Each structure stands twice: as C-alpha cells, then as structure tokens.
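Chains as they are written, first to last, in our numbering: chain B, 20 to 309; chain L, 3 to 250.
Calculated directly from the structure, the hints in this document are not laboratory data.
Certain hints may be false.
[Said to hold, decoys possible] Simulated pairs of lysine-lysine, DSBU-like, Cα-Cα distance not exceeding 30 Å: (1) 140/B <-> 55/L; (2) 55/L <-> 117/L; (3) 140/B <-> 117/L; (4) 130/L <-> 116/B; (5) 105/L <-> 130/L; (6) 55/B <-> 105/L; (7) 303/B <-> 105/L; (8) 55/L <-> 303/B; (9) 130/L <-> 303/B; (10) 140/B <-> 105/L.
Just so it is clear, the structure is predicted and the values come from calculations on it, not from any experiment.
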Amino acid sequence: MSVTDTTRPISQEPETAIDDSASFHVAAPKKSNPLKVGLPPIMFGGLVIGFWYFVSYGLLEDRRRFLLRPPHQVIQKGFLDWAVFSEILTALWSSTKVAIIGLVLAIAIGMALAIIMSQAKTAERAIFPYMVTLQAIPILAVVPLISLWFGFGQMARVVVCVIIALFPIIVNTLFGLQSAEKGAHDLFSLHQASRMTRLRKLMFPAALPAIFAGLRISAGLSVIGAVVGDFFFGRGAVGIGQRINRYAANLQGEQLLAAVIMTAALGVTVFWTFGWIQSRVIGKWHDSSS
Amino acid sequence: MSIVTTGSLSFDQIGMVFPDGTEAVREASFTVNRGEFVTVVGPSGCGKSTLLKIASGLLEPTRGTVTVDRDRLGYVFQDATLLQWRTVQRNVELLAELHGLPKAERQSLATEAIKTVGLSGFENHYPKALSGGMKMRASLARTLTLKPPVFLFDEPFGAVDEITREHLNEETQRLFTTEGFAGLFITHSISEAVFLSTRVLVMSARPGRIVAEFEIPFDFPRTPDLRFTAEFARISGEISHELRGAHS
Chain B
20 MSVTDTTRPI
30 SQEPETAIDD
40 SASFHVAAPK
50 KSNPLKVGLP
60 PIMFGGLVIG
70 FWYFVSYGLL
80 EDRRRFLLRP
90 PHQVIQKGFL
100 DWAVFSEILT
110 ALWSSTKVAI
120 IGLVLAIAIG
130 MALAIIMSQA
140 KTAERAIFPY
150 MVTLQAIPIL
160 AVVPLISLWF
170 GFGQMARVVV
180 CVIIALFPII
190 VNTLFGLQSA
200 EKGAHDLFSL
210 HQASRMTRLR
220 KLMFPAALPA
230 IFAGLRISAG
240 LSVIGAVVGD
250 FFFGRGAVGI
260 GQRINRYAAN
270 LQGEQLLAAV
280 IMTAALGVTV
290 FWTFGWIQSR
300 VIGKWHDSSS
Chain L
3 MSIVTTGSLS
13 FDQIGMVFPD
23 GTEAVREASF
33 TVNRGEFVTV
43 VGPSGCGKST
53 LLKIASGLLE
63 PTRGTVTVDR
73 DRLGYVFQDA
83 TLLQWRTVQR
93 NVELLAELHG
103 LPKAERQSLA
113 TEAIKTVGLS
123 GFENHYPKAL
133 SGGMKMRASL
143 ARTLTLKPPV
153 FLFDEPFGAV
163 DEITREHLNE
173 ETQRLFTTEG
183 FAGLFITHSI
193 SEAVFLSTRV
203 LVMSARPGRI
213 VAEFEIPFDF
223 PRTPDLRFTA
233 EFARISGEIS
243 HELRGAHS
C-alpha cells in the first residue's frame, strides 16, 4: 500500500457539489504577456485623447474653446505650473485627510455593529432595518441637518463620509461573519469553543474576503463623500470640491480639468491600495477575483 | 446524561424526532467497544449521520441514552471542513489549540499526525492547493491529534474518487490497527463497510432502525486484494440483500 500515490498532485479528484471547498481549487498560473495586457488600454487612451483634440480644435470655434481646452494646455497650465498644481495638491490632501478619518470611523462603527448583529439574531433584526433606511436617505436631504448639527467645517465633511461609507462595511462584514461553514461551526461546538474563540478563530477570518470587498467599495465612497461634502461646507481648509467650484466659476478650464483628473487619480489610488492590502493579507489562501 | 467510560460508545434505545416532526431514528441500541470497528450502512437519509450527531452531543436524542466519553471524541465530517486561512500544519493544530495545549506540544502532535496520514512535505500548503483526498487526510490528521479513544466517521470519503477512496480505506484500517480505538463509521458503500469493519449494521429507510448485523471475520491487516475474494463477495451480497429489503 502506498500513500504517496494519492498525494501526488496529478490525482485530479472530481469536485462534487457537496464539497464547498471546490471554489477554492488551485487556479492555473496566469501567463500574462505585458504587451497584450498593456497595449489595449494605451491604444484606447490614445483614441480618447485624439477625440479630445478633435473636439477642441475641430468642433469648437476659437471663442468657445474654453469649454474644452486641448490636452497639452491642460498639462501646461494645470500640471506644470507649480503655483496651480501645488494649490490642487493641497486641496486634494485636505480632502484625503477627511476621507481617511471618515473611512476609519465608518470601519470602526460598521464593524462593531456587524459583530453585534452577528452575535444575536435579535440585534440583527433590531438594527438592520435602520441601516437600510440610513443607506436609502439621499445625502443631499440630510446636508442641512448636518450643517445645523456639525457646522460647515471639517467635522461636517467627515460626517458625510461616514454616512456614505458605512453601509457597505456593515453589510459585507455581517455577510462575511455569517459565511463560515456549518461543519466548521460544528467542529468548534464539539470542542466547547467559547463565543470569543469562535469569533476570533472562525468567524472573523472567514469574513476577511467579504470585509475587504466592502472596504474597497467604502474607501471609494469615502473619497466621493469628502469631495461632495467639500462642495456643501465651505468653512475651514479648502478641499478639492471647493477648488473645483472656484475654477469652474472663474472659467479656468485647464485648471478645472487638472483638478478633476487628480480627483479621479485619488479614487483609483485608494481602490488600488486596498486591493494591494487585500492581496497581502488574504491572497495566500483566498482566490480573489480582483 | 453521559457516563464516562473510556474507549467505548453505546446507544441505548435511541430515538430521534426532529422539531418539524420528522422521525429520523426510531430505535437504535448497540455498543462499540475498544478494538471494534462498526459500520452502519443504510439508504440515504435514513438517519445514519444523526446517530453520530447524537453520539457527539451535537444533537440531543428525544429518547434513550448515549454512553460515551466526550472528552476526546474523534469526529471526522463528510467535508474536510479545513479552515482555508490556515496551512495544513495550523489546521491540524486547531483542536489542540482549542483545548489550550501549549504551542510546542500542539506542534509536535500535529507533525506526528501529518506524518501518519502521509502529508509530510505539505505542512505549509493552504487547503486551496490540496486535492479532495489530501484535504480529507488533513482532516483525519486533525482528529488524530486528539488521540481519540472513540472515533466517529461520517461518510468521510464520499466525495473522493474510487482509487483515492480505496487508499484512504487502507489508511483508515491501518490507523485502526495501530491506534486501537473504538470506531463507528457511516457509509453507503458496502465494499467500504466490509473492508473496514469488524461488524456491519444495516439501517432501514427513515425512520431508521437497525435491521441486521453482520460479523466480518477477516483478520487484520487486510490487503486490497481481499475485496476480490469469494468470501468478501458473499458477505457483501448478503448485506446488499438486507439493504434492498431495508429500502422498501
């Protein structure tokens, strides 16, 4: 009798429906040709820039060109003029701080609520409907209330971020905590694991993939919240929302486009950062789709 | 309700009716002693697995008593139920960890158990990189760290292919002869039951009752070729006959 026969990786066993682990089977190593991966987006980007030039010079007459400045002018006046670019960066950093504080608060509140709800069905029934309601309120509708309670400063902006970013964290964390297999729960029951041990060693690690999915959504939303909040609340440090407002009001087209592009870059950076953290933390054992 | 007796498991007039009114087990009375390997075969949904849940305390029977030492009860589930975020080594350490053993001790227990099931070299692999058979071995190793005097198996090899299943059967048989536990095994494969057991019980369709009992006379260790002997075929035939009766 030989044991090694079946431990060889060649033995391909059919995965059946009852095998929950099937979805975590080893994926074939991805061979990616950098040319094949990099070329299409670069070419499409080139097309977009070409179309941009066509609109600026082909469609718009001279005196209406302020509606869409050509790309090289945006670079010149928006990015290469340090006075302007540093103004944009300062505003962006101010909004980034708001987004980070808001996100951290949303994570703390959201996870705490999700953990409480995961521990008692009654708590879930009691709290969850209000979370859905909070999510359903258009943020514009509560802006006057926020300014009444929190003023027009940084605090009010942070509150907007928290309200926007909270829901995905709660839902994903709760869903994740409830996703541990029944068999694994039985195993912990058999060995008289305490509530805390079960949460720490089973439910929380099982929830990590879902938590990260929620974090990526919420991080992006928090950036949106910081920008939107900045539009409404004008006191205190000037954020990127205010900056964009002013450029638009002064018809500074190049600066306006540069500020919008930088805001987009911030959103993408946040999304990537959380993807990177995710793959660092759970990439070894979980096949994330991203 | 459970009286502590080392290395044996006994069911006394167990009956189980679920809250929804489903009668899973009508009557089961039998004992598995140390050095015995008893397999219960029966049609799907006849309440075989319910017996194990009752034995382990996951379910309270509605009637009768179970006598078993639950302190170090080994229980291998249908699925490997490995924790995906833990390596093989850390998965195998889990039970010792839950019982609060110091790190050095649980590591050496795990290393030994991993070696016993032939997974040495895979300690640092995550479950996603293992085949179904290897996952089951890791699950067996995890249970072995308890050095259980009573070992429950709930159709553990139902999801692996035939060849792997035969290997795992030989493996289980070897564990049984070296560890000498009291084994209670659930399956619907007659060949698996006869190959592994000292005794085979046939359970009827729901509500489950033990309708027949077969002593399996073969000596241990048993070789794979045993499956192709006339005596093996004869006993399998008799059990199959009883099972068909149990279905109706």
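Within a Cα-Cα threshold of 30 Å, do residue 130/L and residue 303/B meet the stated pairing?
-> Holds, at roughly 9 Å.
Given the proposed pairing of residue 130/L with residue 116/B, does the C-alpha separation stay at or below 30 Å?
-> violated, 39 Å
Quickly compare the C-alpha distance for residue 55/L and residue 303/B to 30 Å and report which way the hint goes.
-> violated, 34 Å
Restraint check for residue 303/B with residue 105/L, where alpha carbons must lie at most 30 Å apart | holds, 23 Å
Does residue 55/L pair with residue 117/L here, judged by a C-alpha cut-off of 30 Å?
-> It holds: about 29 Å lies between the C-alpha atoms, which stays within 30 Å.
Is it true that the CA of residue 140/B sits at most 30 Å from the CA of residue 117/L?
-> Status violated; Cα separation ~43 Å.
30 Å limit on alpha-carbon distance, applied to hinted pair residue 105/L and residue 130/L = holds, 25 Å
Would the pair residue 140/B and residue 105/L pass a check requiring their Cα atoms to be no farther apart than 30 Å?
-> violated, 35 Å
Keeping to a limit of 30 Å between CA atoms, is the pair of residue 140/B and residue 55/L held or broken?
-> Status holds; Cα separation ~24 Å.
30 Å Cα cutoff - pair residue 55/B, residue 105/L | violated, 49 Å
The structure fails hints 3, 4, 6, 8, 10 (numbered hints given earlier, in ascending order).
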